[in-house]
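Using the hints provided, position chain X relative to the given structure of chain L.
Going down the list, the protein sequences come from chains L and X.
Residues in the first sequence are numbered consecutively from 60, following the working numbering.
Residues in the second sequence are numbered consecutively from 60, following the working numbering.
Calculated directly from the structure, the hints in this document are not laboratory data.
Any given hint could turn out to be false.
Pairs involving identical chains hold if they fit within one copy or between any two copies, as the list cannot separate such chains.
Unchecked claim - As a list, the in silico SDA-like pairs of lysine to any residue whose alpha-carbon atoms are at most 25 Å apart:
hint : residue 1 : residue 2
1    : K80       : T152
2    : K61       : S216
3    : K95       : A106
4    : K68       : K171
2 protein chains.
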Amino acid sequence: MKLLEERIKADGKVLGKDILKVDSFLTHQVDFSLMKAIGQRLADVYADKNITKVVTIEASGIAPALYTAEALNVPMVFAKKAKNLTMNDELLTTEVFSFTKQLTSTVSISKKFISENDNILIIDDFLANGQAALGLLELMAQAKAEVAGIGIVIEKSFQTGRQLLQDKGISLTSLARIASFEDGAVQFASADDSSLDQQ
Amino acid sequence: MKLLEERIKADGKVLGKDILKVDSFLTHQVDFSLMKAIGQRLADVYADKNITKVVTIEASGIAPALYTAEALNVPMVFAKKAKNLTMNDELLTTEVFSFTKQLTSTVSISKKFISENDNILIIDDFLANGQAALGLLELMAQAKAEVAGIGIVIEKSFQTGRQLLQDKGISLTSLARIASFEDGAVQFASADDSSLDQQ
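The following block holds chain L by itself, in its conformation from the complex (with noise of 0.2 Å):
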């Protein structure tokens, strides 16, 4: 996705070998017209695969799965990184480590709210090892949900999260896809939705 591409280039800070910082725009500052543009592209990919909700985890894939809700009309749902007094229903639940937070948190997601019937459009803010995703579709088998599809809206291409998704065979749909950091300067690696980029 250009406009994603591009502003990733204007405002993205890249930390030591691996970590892109995007906090004015998507992970702490929210620009909702980036996230918006965002939500309508990822709607787009799949528009035409009856997505009953769609399925994030707090808090930074948040923006970007509400408005691809709102654009295929349907709820979102997020998991959660930690139990509180109100969920006392049965949980979906399994455990996720963070490379970047470097902890393991368990994630959990209401039984009542996934279920057999449903076909899950997975969205996140960043994919690298992979990690959080594996734990959404562990929580999506769990009720027997069908994944339509993970949409990402950006890819560090370098690390191993795109290979362990495609070696489930799921759909991917990353909007920017990070080939390496040379030198400080992001390089691009060709997005999943590039096509649409020309209409």
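Chain X in isolation, oriented as in the chain L frame:
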């Protein structure tokens, strides 16, 4: 906001004597159309206040805050409850105790996103004991930013939050105000935006 009160009556679940569970449309599964209406309403209330940014706290505040930001055409910033490797900037930071989760979190926002030139609208999903809102006010004070008001989706009026915020002279707009839970049924007090329901 009548639409919200009706949804709470239809889908909210009262747990024990002071917990309202609204996980089917706000705190876990999210109804984008209701969130959009909520965002529009809060934007209407503060339309003439020259808001420069909407600030909330992860995770359930993000959806209503995002649509409020869209309606006001300003960026949204969400405060974080834990540091991660990419947050290496100078931080505005404070401690917030959550009665629901029974734990104290360090809440932070990067200094670069809030300045003394900002006029902030704070948005949160719930107002109960007011600790999250007071924490966000503290962060805004550290940045010397103005706070034009606080917009709340659901206020539990029988808890201390409202009084604590009013004692500070802050403009408070709660779209649904719960006076009490009687025998598991929600009793509403007059919402701060009730005059707009007739328009």
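Cross-check of the supplied hints:
| no. | hint | in the structure |
| --- | --- | --- |
| 1 | K80 with T152 | between (29 Å within a copy, 20 Å between copies) |
| 2 | K61 with S216 | within (17 Å within a copy, 47 Å between copies) |
| 3 | K95 with A106 | both (16 Å within a copy, 21 Å between copies) |
| 4 | K68 with K171 | between (41 Å within a copy, 19 Å between copies) |
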